[in-house]
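S.K.: Chain by chain, the residues run as shown.
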Amino acid sequence: MIRSSRPLPLLLLAATAALVVAFYFQTRLMDVDRHNAVSQDILTLKQLDTHLNEQTLKAVSLQLIQYDSLVSTVNRMKMLDKRLNAPSTGLYDHVGPGVNKQLKIYTSLMLAKIDIVESIKSHTAIVRNTLSYLPLEIERVTKGRHEPEVMDIHRLLSAVLQHNLSPSENTRANVLAIMNTLRSANLKAVDRAAVDNALMHVRANLKANEAISKDIEKFIQFPTIRALDLLFEAHTEFSTARIKEANLYRIVLLVLSLVLFAGLAFALLRLRNAHDLAERTSRQFRDAAESIGEGFAFFDAKGRLSFWNATFERLHQGVGESLHTGIKFDTFYKACVEAGVYKDVIMDDAKNHDTGGRARGHPYVVKSSGDIWMLASDSRMADGGTASVRVDISDSKHAEEELRKLSRAVEQSPVSVMITDTDGYITYVNPKFEDATGYAAAEVIGQRPGLISSGEKSASQYSELWKTISNGGEWNGEFHNKRKDGTLFWEYSSISPIKNERGEITSYLAVKEDITDRKRALSELLKAKEQAEQASHAKTQFLANMSHELRTPLNAIIGFSEIIQGQMFGPLGNKNYVDYSTNILSSGQHLLGVINDILDISRIEIGTMDLHEEVMDFTALCQNCLGMVQPQADLAKLILSAHLQDGLPFLHADVIRIKQIILNLLSNAVKFTPQGGKIDLIARQEDSGAISLIIRDTGYGIPQDKQQQILEPFEQVSDIYTRNHEGSGMGLFLVSSFVKLHGGSLDIDSTVDTGTTITITFPIDRTITA
Amino acid sequence: MLIRIFALLNAAMPVAVVLCALMIVHHAVAQDAVDSWRAGPIAPLPATPPSMPNTDPRKVRLGEKMFHDLRLSGDNTISCASCHNLSSGGADGMKKPVGIGGAHGTVNTPTVFNSTYNFTQFWDGRAESLEEQASGPVHNPVEMGSNWKQVLSKLKRDKNIKEAFLTLYPDGITSDNIVDAIATFERTLVTVDAPFDRYLKGDKTAISPQAANGYELFQSYGCASCHQGVSVGGNMYQTMGAMGDYFGDRGDVKDSDLGRYQVTQREADRYVFKVPSLRVVARTAPYFHDGTAQTLEDAVRYMAKYQLGRDIPNQDINAIVAFLKSLAGKYLRFDPQ
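Residue numbers (my numbering), protein chains in the order written: chain A, 6 to 775; chain B, 7 to 343.
If you are wondering where the hints come from, they were derived from the structure by calculation, not from laboratory data.
Among the hints, a few may not be true.
Derived pair list, reagent style BS3-like, types lysine-lysine, alpha-carbon separation capped at 27 Å [stated by the list, open to error]:
#1 Lys504/A - Lys472/A
#2 Lys402/A - Lys339/A
#3 Lys489/A - Lys524/A
#4 Lys410/A - Lys462/A
#5 Lys311/B - Lys193/A
#6 Lys160/B - Lys336/B
#7 Lys212/A - Lys311/B
#8 Lys148/A - Lys311/B
#9 Lys63/A - Lys83/A
#10 Lys223/A - Lys193/A
#11 Lys109/A - Lys51/A
#12 Lys260/B - Lys212/A
Bound-form chain B, shown alone (with noise of 0.2 Å):
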């Protein structure tokens, strides 16, 4: 029986892959007129993430229960949520946050949304996934300002939660647990369907022709040799201050402002960093690590100079910024019907 199996799929298996290519090439030629953004440094967010077919709802119910779970903090007065707010922008809309008993964040909250595709997680890429980053702000003495012990001993009190987490796992409440719920969760806010995206896919009339235009200067100027990929950024790093003294010019170089090299150690990665994504960048003021850039105009004029060592005209400025309001899509809470 298992050899006649076998049997037919050897013989099958050419018939496949031949079909597979006449596929592949369909689909690309089918595509070719559509897919002309292949050529250019940015790509259509997809519709899902990669991971959401294999995503079981219920986890990502419990991990937004988690993301907004104040008791994740040491004084049940942070979440996750109070920071990354999903209403404005998965961010703060604060220069730096302000943590658990007022106290002050070190760097400017990156948002949250479309953090699935970022290639490492924090502006130090100190955490390689979701689940490792999750961690973080919970240990954080200036964010929550708590720890796993005390988390899950409030949190095994709650018999909900219990019962939530065991119908999930067979392990119950662990901190593995709760980030891996928490991580299932934020993959699934993306920001799907922007404006500029129905662009790239031929829609030409998706984006206002000055978009369109700060599109090709974003292109020219070299933006978008570093802010490139699905994501509009946050798949490289880069010097802050690539072509100027950005640190010197602005002063009071704190730990913070160390980049990578808090990570590495290394002197070549001092003043690097992540280099973030755009994908929201409309709704996530203020910009940079330090959040010294109040407005998008403020954040395309220091970058041009700083990292692309240019002057850039206002009038080219604000087709850059019109450009980068059009990359913001919407997200659609995860409801798999």
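Next up, chain A with everything else stripped away, as it sits in the complex (with noise of 0.2 Å):
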């Protein structure tokens, strides 16, 4: 823009700056100082000319006494025309050749004219000189004397007296008569002398006059005024004529100037808007280079650095002052090296090999110290210069490290992979899948999963995997698939869809783990489940018939000894036929009681015991159990205190499980608690609203490490005692079933030597207030 009317300011320009020359020098001429100067000068002289006149006619009327401010004017009027005359100051060369003669005539005629002032003032000395003595010698010689010849003296001084007065020719005359007369006159010698002395000084007196009667017609005729007026016309209206060409060259020059000024007003515009674009563009450059992500800087043609970017700065924090407006980009260069900030540098090829080749603009990686990756490279500019470009790669480096080690997993895998398109082509398979099936990636990729299908899948089962698979959804599943080699293993296959972010899917994964040894194991596993399932049947049902084998019998013996024990069909005769039933009673009792306990045991196990519950009345059940239980503790000298709480509420629960479990806990309280010790039944409600049984005796606890296991069925702590006691083993495993079965908890807080307490809480539901 600026370009193509660049020439027309240029033009314009240098066509005023010539004309602008070319009227310098012409207004030079017209310098108006000098003209100043020189009419200054040619008036002065005018007056001095004035002057020069009055006191020459001072002088010739003998008025001047001295002559040195005659003197002084004819001086300085030799001072003016020598100036006038100087061609650097003056008027000669300045206007013209007319003016230049004219001037010469008037310096001559001032010259000649002061030739005459010299002249008067000489005769004028003389004139005066004589003028005083004369009458002084004339009144001395005719003192006292009155002869006629003293007469004619006496004429002779008037006559000259009168002449000096006003001279004209007749008084000359006259003078010159009476001197005739005396000189003729017969005169006594002294008398003779003196009056030639006199003559003589008449004489004198005469010429001196008559020189300056000529000297005066001369002076007064000089046309000096009338030159120097010629001098200061043409001096005028040669200046005159000068400035009005100097106007005229002003006007041009204005004109000029004006169309000038707009021409350059118009260029500095366009100059400025030039700049501000300009401004502006290396603004936004400036602006974009700071505001990208990536780091920018520039080394000007002599390889300095002239520019760089906030990011490039925080991707070279390490090099500190290095990083300086100048430094040369080798400096710089090895500077990052040193510093650490370019720690590896990784190039892609030969070609970035050498300084050149990095300089061409070919990318290199460089790792930073502190984790930092960049992606660098310097290009050669159009202007010579070099542009670095470095990218901050960390993350996407960090990205490729996860991604590696996750494609490290994927290869490394325990499990066989399998990619596929969405076609179901294969793309990609890991290591594993290669050693599971015997083929190799490269045999598969392209090819159908069915490759390594056993054909034992149905098309219909296939058909539903790809509908659940395509359809977003995963699908496991095993396969019996075939080798390379054609032997069969099992597959556990989990296959989903692998989607990209919108959703789309884009290829299938398949996860499978060779399950062929625990498909043998579960078969086998399977096979013992189903016998130990058949054993436990065969059990329950040997049980269910043992229960009425066993109770069958054991009824009548209970039924028998009791009533012979009681000797209701007459007396036994012997007591000890009555010892021997009531044992035979109590044993058959106890006995019932085992093979109960155990059949309730197994139906626990088996998962068939099931609770008959109905709302029952806690408290009386705790009661009723106490009373069954006191003449035993009263055998074996224990208190049994309880503290049931008043009001409490009803139990939603089976009432003959619970009776077992008050029961058994009671009777295992009095079984291993000492003699004189304490037990104590507590039923309350607690503050969630659970009802809660509490036994506690005094007795001697249970060892922590066997808290656990007294609950299995069959276990006793036992082996640490001495004392042999009654029992299975079976009763804290049947509470433990029960409180379990009604979803209750139970808790035991015993210690060696001192007691155990026993928790039993109820679930809150359970509890039924009335």
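Two chains, each in its own frame: build the complex with the hints.
M.R.: Here it is, written out as structure tokens:
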């Protein structure tokens, strides 16, 4: 834009400059100061000339007694004339040849006039002297004498005086006449000398006067004033012409100046716009450079750093002061290497192996200390400078690392990984797959997974699989697959679709685990389970049968031994037989209890123990159980006490099992508490609303490590103690089982040789408030 | 800004004029009693010549050096000071000077003192200024017998002179600059504070009554018609032998006796000479252009005879001589503080 119009303002400028120069030279001739000086000099000369006239006439009339002022006037005139004639400052050669001639004329007139003045000066002195002498002398000569000659002398004097006063031909003639008379007069010797002396003076006087008259005549005619006027006129004319010329030039110059001004203003405006644009562009570039996330730096054509943005600075923090304007590229690079900012430099190829290659703009990777990675390039710019770009690729590098980790995971995974595309063609398999199937990756890629299938799955199964996964779902299942060598193996596959960020399925991922061994183990386990179940079932059957088989004879034993002990049908005769029957009865009863417990345990174990729940009076039941155990406690010399909360709500539970719980716990307490001990039964409602049962004894306690064990069936803490306890070890198991069935909790708090506290808490929802 | 200054000046001008006028009048009035000499033919020499204030002392020093420099002569034996000796009244005390190689000069050496007040230089007034005069002797074959080319070549070899000239004159040593320096120096050769000047200024005891009488006679006889002004002469031309045939009586008329005729070639200027200044006349015997008057008394007598056509009695001559002797002032070497 500015380029195309550049010649025009320059042209204007050049033209105006040329004209200004020309104008200057033209107007230099119109030197105002010089003009003024010359005019002044001419005028002064006129004044001086007039003054000279005055003084000269004064001198002539004998009024000047000394000539210093006259001399000074003459000197000034000479000086001014000299000045006018000086080429550099005066009039000479300033106006033109005509004026020069005029000036010459004036000068010669002036000098001639001055010459006359000198002559007048000299002659005037003589006139004065003679005039002052003659009267004295004549007086001396004629003193007291009245001869006719003396009269002539007097007449001479007056004639001389008259002549001096107003010289004319007549007065002169008069004087001469008298002089003649006196010359030829007959005088005494003494008088003769004096008269001759006087006559000499008169002659001198006449001569001087004549000279003066001639001089004055010439003097007053000198046209010096006229000459000066002519000079002045010519000079003024000249100057006026020059002024007119100058004015013309001035007008032209003014016009040109305006044009130039306009042109310059225009050019300036354009320049400013261009500058603004450049500024803006530069600023935009700077802003852009500063705002982007990549590091930018520019090195000028001489390789010196001229610009860098904030990101660049941040990336090269470690190099500190080396990052300054003017530093050379190589110096900077070296500093970066030394500071660890360019700890490792990874060049792509041999092209980058030297500085030159680097400067050709091939990218290379740089690792900084502090785990920062940069993608770097240094490109040569058109103007010879270098543009360095540094991209922080730490994140992507870390992501790369992660990815590599993941890919390694996949590669080294103990499970087979197979990826297919959406059409079901295999795109990737991991080494484990290769191991598992015996196929190499190259052999399966591009194939369908059916390659390894054994063909056992039905088509419908496959289509169901496809439907699931193509709808975005995950399919898990087993495949019986075939190796390359034909051997079969089982795989558990989880197949899921892989979606992109838009949710579109891009491929399918199959993670397969070889479950051949597991499957085998599973089938064996299943078989074992079946057998166990069968065994258990058999056991239940057996128990059910046995319970009947066991109970029936026991009933007979108990019944009949009761009858015999009761001696219902008459006395037995021998006391021993009563004891024996009592023994038989109690043994039978005990056996029944054991059998019942065993049956309960079995049922519990099989899981067929059902609860018959009802709303029951817990308090009443506790009292009942206490009553039942009281005789035993008395026998064992134990204090049995009950703490039953008043107004205890009812419990929704199986009465029989609760009774069993209470009775078991109480009998255990009696069993394991030494004489003089105490047993407490506490039934209360907790703050939560749940009903809890606490049975506390001061017995032997249960060691910590055995507390869990004794809840197992058939376990007893008996190996520590010498006392042979009754019991089959089933009580606590039943208690805990029944509690569990009710959903409650059982807690054992026991210390050896101090006592045991068993706390049973029933669920809150079993509390039935009346 | 300029306009303001001009306006101010315009306003100030009439005030300034009035003030100046007042000052002049006051000065004149104040001086009236003292300046009685203004009515007379002789005025006291100013304490400093008019050119003094603008004089560069370095130029004066340089001019002095040049004035005394022998290299201005052909054989390096004669300087200006050889004939215009400052310790002998600015002249050489001889009838006619002796120049280069013993050459005989043509006219009696005029004094250099107070020559700044001469309206022209040389007896015949052929030089308008001191500058013009200085070249004369240099080129005169019977005086210094040299030329500027010769002198310049000699002077240019002198480093000090060269430097001195360069400091004062941009174009260094030139003939113009040399005469300028010499003339500048010569302008400082004034004799001030003469007893007679003091007398004029009002100190009636400055001169003897005889001298005072001599002054009166000087005037009444008419000497003062030509020997007038501050320099008691030096400001006009006059015919030698205005009232008598001096040359006829003396005889042996030479070219040097023709005076101004040699310059103008006019009959009227035959025997016309510049009236010399009588300021230092007491020290510059012998007198007249031909040096014929040995003593002041002689000079007075001859002057009276040939210029005034009078015969002056000895008593009057002595008085006049006494007066003439009182005219000489002191030469103070130019040394601005």
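S.K.: With reference to the structure, classify each hint as holding or not holding.
M.R.: Outcome of the hint check:
1. Lys504/A - Lys472/A: With Cα atoms ~16 Å apart, Lys504/A and Lys472/A stay inside 27 Å; holds.
2. Lys402/A - Lys339/A: holds, 24 Å
3. Lys489/A - Lys524/A: holds, 21 Å
4. Lys410/A - Lys462/A: violated, 35 Å
5. Lys311/B - Lys193/A: holds, 23 Å
6. Lys160/B - Lys336/B: violated, 35 Å
7. Lys212/A - Lys311/B: Between Lys212/A and Lys311/B the Cα gap is close to 18 Å, so the pair holds against 27 Å.
8. Lys148/A - Lys311/B: Holds. Lys148/A to Lys311/B sits at ~24 Å (cutoff 27 Å).
9. Lys63/A - Lys83/A: holds, 21 Å
10. Lys223/A - Lys193/A: violated, 44 Å
11. Lys109/A - Lys51/A: holds, 16 Å
12. Lys260/B - Lys212/A: holds, 25 Å
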